[in-house]
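In the order they appear, the protein sequences are chains W and P. Read left to right, the first sequence gives residues 1 to 342 (our numbering). Read left to right, the second sequence gives residues 1 to 117 (our numbering).
The set of hints was computed from the structure by calculation and includes no laboratory data. Accuracy of the hints is not assured; some may be wrong.
Here chain W is said to cover these stretches of chain P; the calculated rule only asks that three of the stretch's residues, wherever they fall, bring their Cβ under 8 Å from a Cβ of chain W [claimed, not checked]:
id	segment
1	22 to 36
2	74 to 81
Derived pair list, reagent style BS3-like, types lysine-lysine, alpha-carbon separation capped at 30 Å [unchecked claim]:
id	chain 1	residue 1	chain 2	residue 2
3	W	K4	W	K215
4	W	K250	P	K25
5	W	K4	W	K131
6	W	K227	W	K4
7	W	K271	P	K75
8	W	K65	W	K4
9	W	K36	P	K115
10	W	K271	P	K115
11	W	K215	W	K70
12	P	K25	P	K115
13	W	K70	W	K179
14	W	K54	W	K65
15	W	K54	P	K75
16	W	K131	W	K298
17	W	K65	W	K179
18	P	K115	W	K65
19	W	K215	W	K36
20	W	K74	W	K298
Source: prediction; values computed, not measured. Note that the Cβ used here is the ideal one computed from N, Cα and C, for glycine as well.
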Amino acid sequence: MAYKIGKDTLVTPSCPAVLSTAAVGAQKEGEGPLGKEFDLIEEDSRFGQETWEKAESKMQELACKVALGKANRKMSGMDFIFAGDLLNQCIASAYGARSSGVPFIGLYGACSTFAEALALSAVLVDGGAGKNVLAVASSHFCSAERQYRFPLEYGGQRPPTAQWTATAAGAAIVSAERKPPFIQAVCFGRIQDLGINDQNNMGAAMAPAAASTIKTFFEDTGTGPEKYDLILTGDLGMVGSDLLDQLLQKDGIDIANRHQDCGLLLYDREKQQVEAGASGCGCAASVASCHLLPHMQKNEGPRSALLIATGALLSPTSIQQGETIPGIAHLVCFTAEERRLF
Amino acid sequence: MEYMRAFLVGGILCAIGQIFIDRTKLTPARILVGNVVTGVFLSAIGIYEPLAKFAGAGATVPLTGFGNLLAKGVKEAVAENGLLGIFSGGLTASSSGIAASILFGMAIALLFQPKDK
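Kindly produce the complete structure, drawing on both the sequences and the hints.
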């Protein structure tokens, strides 16, 4: 049963396993540096659906289906689904899981959702409340544009600092079975808001949240960056990543040589014209599901890794009302070996 | 030469908009509204009309031209109908443009589907 150490870190002593993962993306993701690692790339970003929202639900369904197939499981064998996305009322997840017939728990953590889902799944499995839990998150460039800015029909221009919402979904089965990678601990972040109100600079709004969660985790566990082969943040992008390294350096924590960011891994920023990098729930979800976790599973990636997915908890209404952007970051600690770290 | 003048003036007006997108935090919607208001202002102080004569479509097609049209319409309507023209003039002068954009907008929306950029 998960127990708390220090301020916020929850240790999961049974080390829940990530049984399988799957990532689904569209053409742009397929053309990126990780294109070949995706389980499924659909050239048509509508995924054969009438609307972008339906397309996003379809991506979630596909990601779940592939993850279940890889683990040789059926949907009916799942005890819970944790799912989230960026749309109003979380409809991509609700409609995506509509036909699943499995207890459904909708989440909203903006782009931090996948880590949030993994962390909650790990705690449930560790406590014995479920044996197999699906964690899913998605985002779609076209539905997110309508949600946060303008519908694509409007044909608006993008400023150069804007990040590109990934059209992607990631799914993972967290299980009580024994197979690497293993979840050692999780750390739910506290909301940080340093007063940034520029919607086109979300990396800067989220970096303090990432710094806070990472620092808390290190203090709680009595470890430091040298203990982990990889520290993978969600979608801080270029600006946010630099800021995170600087913020941690002020506290004497140097992560620069082992820090990577999903937002900078997903696309080739120069060739694909994505300005400051990728963002969206689908960014951290797909990069973790097609890159980090499968590599750890095959024992060819890092032996230990921290996934810190970050979210900007704003809404178009709060921005129009001049509110600042609250940031959040949730952390999941993975190891390739079952041996307990804490 | 006429084309050249239209190209240069229209191009400069659009370039100013692009600078606002690249260098400021203003949203595109605000920049567009700013263009209309600027057009009204330039028309009111008598600058826009000579510019429109010089550059033709280069000055009337960009959004500042729409502002100019609103201001011009109000001026004319006030001369004709008195103060009530403040309310009727702008829309009367721009009615063909507004109706056409709604109609064409709808037609395009029915005919085509948007794609990823």
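We went through each hint and held it up to the structure:
| no. | hint | result |
| --- | --- | --- |
| 1 | 22 to 36 | holds (count 4) |
| 2 | 74 to 81 | violated (count 0) |
| 3 | W:K4 / W:K215 | holds, 16 Å |
| 4 | W:K250 / P:K25 | holds, 29 Å |
| 5 | W:K4 / W:K131 | holds, 21 Å |
| 6 | W:K227 / W:K4 | holds, 20 Å |
| 7 | W:K271 / P:K75 | violated, 51 Å |
| 8 | W:K65 / W:K4 | violated, 34 Å |
| 9 | W:K36 / P:K115 | holds, 23 Å |
| 10 | W:K271 / P:K115 | holds, 20 Å |
| 11 | W:K215 / W:K70 | violated, 35 Å |
| 12 | P:K25 / P:K115 | holds, 26 Å |
| 13 | W:K70 / W:K179 | holds, 13 Å |
| 14 | W:K54 / W:K65 | holds, 16 Å |
| 15 | W:K54 / P:K75 | violated, 50 Å |
| 16 | W:K131 / W:K298 | holds, 22 Å |
| 17 | W:K65 / W:K179 | holds, 20 Å |
| 18 | P:K115 / W:K65 | holds, 26 Å |
| 19 | W:K215 / W:K36 | violated, 34 Å |
| 20 | W:K74 / W:K298 | holds, 23 Å |
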